[in-house]
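Protein chains in written order, with my numbering: chain A, 1 to 228; chain B, 229 to 713.
Careful: at least some of the hints might be erroneous.
Unchecked claim - The calculated BS3-like cross-link candidates involving lysine-lysine, where the alpha carbons are at most 25 Å apart (straight line), are:
| id | chain 1 | residue 1 | chain 2 | residue 2 |
| --- | --- | --- | --- | --- |
| 1 | A | 204 | B | 452 |
| 2 | B | 335 | B | 301 |
| 3 | A | 228 | B | 301 |
| 4 | B | 301 | B | 343 |
| 5 | A | 92 | A | 145 |
| 6 | B | 353 | B | 236 |
| 7 | A | 192 | B | 710 |
| 8 | B | 352 | B | 236 |
| 9 | B | 236 | B | 452 |
Said to hold, decoys possible - Computed from the model, here is a short list of chain B residues facing chain A with C-beta under 7 Å:
| id | residue |
| --- | --- |
| 10 | 381 |
| 11 | 383 |
| 12 | 458 |
| 13 | 497 |
| 14 | 501 |
| 15 | 591 |
If you are wondering where the hints come from, they were derived from the structure by calculation, not from laboratory data. The C-beta atom is built at its ideal place from N, Cα and C for all residues, glycine as well.
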Amino acid sequence: MLFSIEEAKARGLKNLTEFEAKEILKAAGIPVVKTLLARSKKEAQQFAASIGYPVAMKISSRELLHKTEAGGVSLDLNGAEEVGLAYDRMLKNIMTKYPCSTIEGVTIQPMISKGVEVVIGVTLDPQFGPMVMFGLGGIFVEILKDVSFRIVPLTEEDAYEMIYDIRGRSLLEGVRGAEPVKIEALAEILLKLSRFVEANQEIKELDINPLLADSRGSVAVDARIILK
Amino acid sequence: MQPSSIVKTIDDIFHPSSIAVVGASQEESSFGHQYLQVLVESGYQGRLYPVNPREKEILGIRVYPSLNDIPGKVDYVICCINARLVLDLLAQCARKNVRAVHLFTGKLSETGDEKAYHLEEDIKKQARDLGINLIGPNCMGIYYPGERISFNHDLCMEPGSVGAIVQSGGLAGEIVRLSALRGVRFSKVVSYGNAADLSETDFLEYFLWDNATKIILMYLEGIKNGRRFFNVLRRVTQTKPVIVLKGGRSRAGIKSVASHTASIAGSINTWQVVLRQARAIQANSLNELIDLCVAFNYLPPITGKRVGVVGGGGGKSVLAGDEYEEAGLEVAPIPDEIMQLLEKKNPRVTRWLVNPVDVSILASLNIESAEILSLMARSHYYDLLSINSSEDSLFNKDEWINFLQSNMDEGIKIHREGLKPVIAVVGNPEIGISQLENYRWRALFRLREQLIREGIAVFSSSGQAAEAIRKLVDYYSYRESKGGL
């Protein structure tokens, strides 16, 4: 059984872990990269082998909202030994820096490097309610704030328009010989997210960052959900 | 789809067979007196009942001590009394079976005072319990030339097709007056203030069903229910253009948030998102609101962007071209078939003549600007023509006036024949009374007046015209793409 909003509500959870957020998005029909939650070093190594190297490994903890800054992310791990070393290092890191945080384990997922990094999110406007955001990842969203917003519910037209609204849209259309990104897949994700948010009024904030988009489709690589 | 009950409620408010002005007084500077006087001056045909226990007669009209003393039925009450007396008045209204009250009365929630806020909440609750609809508090109420109801002195009583929903009281009259200078007439206007009961969204829904209203203007500061506003707005714009000026656009403090999306959302203006997504036409200033109102009032649903610009000499015509292009319109080159016709008159034409057509060079080419305008009007290469007044002047007085006039006359002719949409740009310098002695400004004012009488959209500059027209073209192109034109 996938983790659900109902379960989060029943347990009084507000900050969902990446693993929980991904399960919820998967249930909403949004493509999510395969992610396994390992509760021990041995399990981490087993899962990494089953997923296939290289893998990414991240700390799973409800209290840690910014995993990278906390030293809770290890990328591009090749082989069981690297996974083991990274596991020890990350756990030590977190326990030194954030001794009070509860660590549920680590998530293991395949390294995906191909595609354009996209950010999709949801936020609540005090007057107009939930809004969906679309933008390109990295500096585009953080420094240039090259994003577009739409009020939920989105029409199909809204979804396409908000994609084409961003200044960096040519990156999606393929530059320097890159194949164009499958826009339909992005639009579909935006629409699914809009429907999901409409049906789940408990969502306060939601980030899919990054979502990797290429010519075949898009897949959520990291996600976060905060409930009201 | 059927209109909701609110539409009928508001329609009744606009058609009262009798109005009581509560708080009317002999004191000419009092608002109660002014409301009564404005209704008399405007020629309101229904029965008027001033109410005041301390007066006998105002402006020759009998005054009643209370609502209850009025012999006939009262449809609509304009309340100009102190806020603390309003609850009692509502009780009287209920006994008299009054269904709608306009609260001019202010000093309520808008003051930020907690007691006043609670009093407004009590008024709202009492009105709801008694089944009375409120406009306001803290507003001017309704202006409806059709029933000769007004809230300001000297507002034009000729009805038109623009409906306005204005939160502010002062701006409501200002918008009507400024638009009237450009020849725009209104179907109905409401200033609704704090929106304790009837809100901007209710009036928006009403205007959707009001056949006389073809264009809707809104001035908004705050709204009570963003979701409903968005949904209604999105529906209305499918059939009627809604031009919105949002006051208070600067962003309030950003709350602390954890996610990326939420922190970025704090730096954007949600109103822009809402208005764009709902296909409303966004104005960024009062001047732009009026310009857009003029464009939508006079122009047909243009969906092409190619504009032929004739008039203006030298730099003025170069700048006009820049302004149109920068606004997103196309100053399309003069097509070969027109050039060939003109070359027969003067072979030098091809090298010299371009769009925008510089009238200062035409004299030496022995070509009249009217001739070019006429050809452009008959060409499918242009979607719209802009005739610009030239203030270029090596001429003497009469020559200059004739020159100015002849440039415009062809435009007027094209407009009358309906060959092509025409707009005019007539410079509107900020002048004082003393400069009216100057024949130059007088001639421009006369010209402006003549064009407005002809039903032509007149703008003060090419830049203003260009922005307004681009927004109009965008709106109608969208409607066309949805098959809704």
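Hints versus structure:
1. A:204 / B:452: holds (21 Å)
2. B:335 / B:301: Violated. Residue 335 of chain B to residue 301 of chain B sits at ~30 Å, over the 25 Å cutoff.
3. A:228 / B:301: violated (52 Å)
4. B:301 / B:343: Judged against 25 Å, a Cα distance of about 34 Å means the pair is violated.
5. A:92 / A:145: Distance ~35 Å between residue 92 of chain A and residue 145 of chain A Cα, so the pair is violated.
6. B:353 / B:236: holds (21 Å)
7. A:192 / B:710: holds (23 Å)
8. B:352 / B:236: With a Cα-Cα distance of about 20 Å, the restraint between residue 352 of chain B and residue 236 of chain B holds, given a limit of 25 Å.
9. B:236 / B:452: Satisfied, since the Cα-Cα distance of roughly 21 Å is no more than 25 Å.
10. 381: Cβ of residue 381 of chain B sits 36 Å from chain A, so the hint is violated.
11. 383: Result: violated, 32 Å to nearest chain A Cβ.
12. 458: Hint on residue 458 of chain B: holds, closest Cβ of chain A at ~6 Å, below 7 Å.
13. 497: violated (10 Å)
14. 501: holds (5 Å)
15. 591: Given a least distance of 47 Å, the restraint on residue 591 of chain B is violated.
In summary, the numbered hints that this structure violates are 2, 3, 4, 5, 10, 11, 13, 15.
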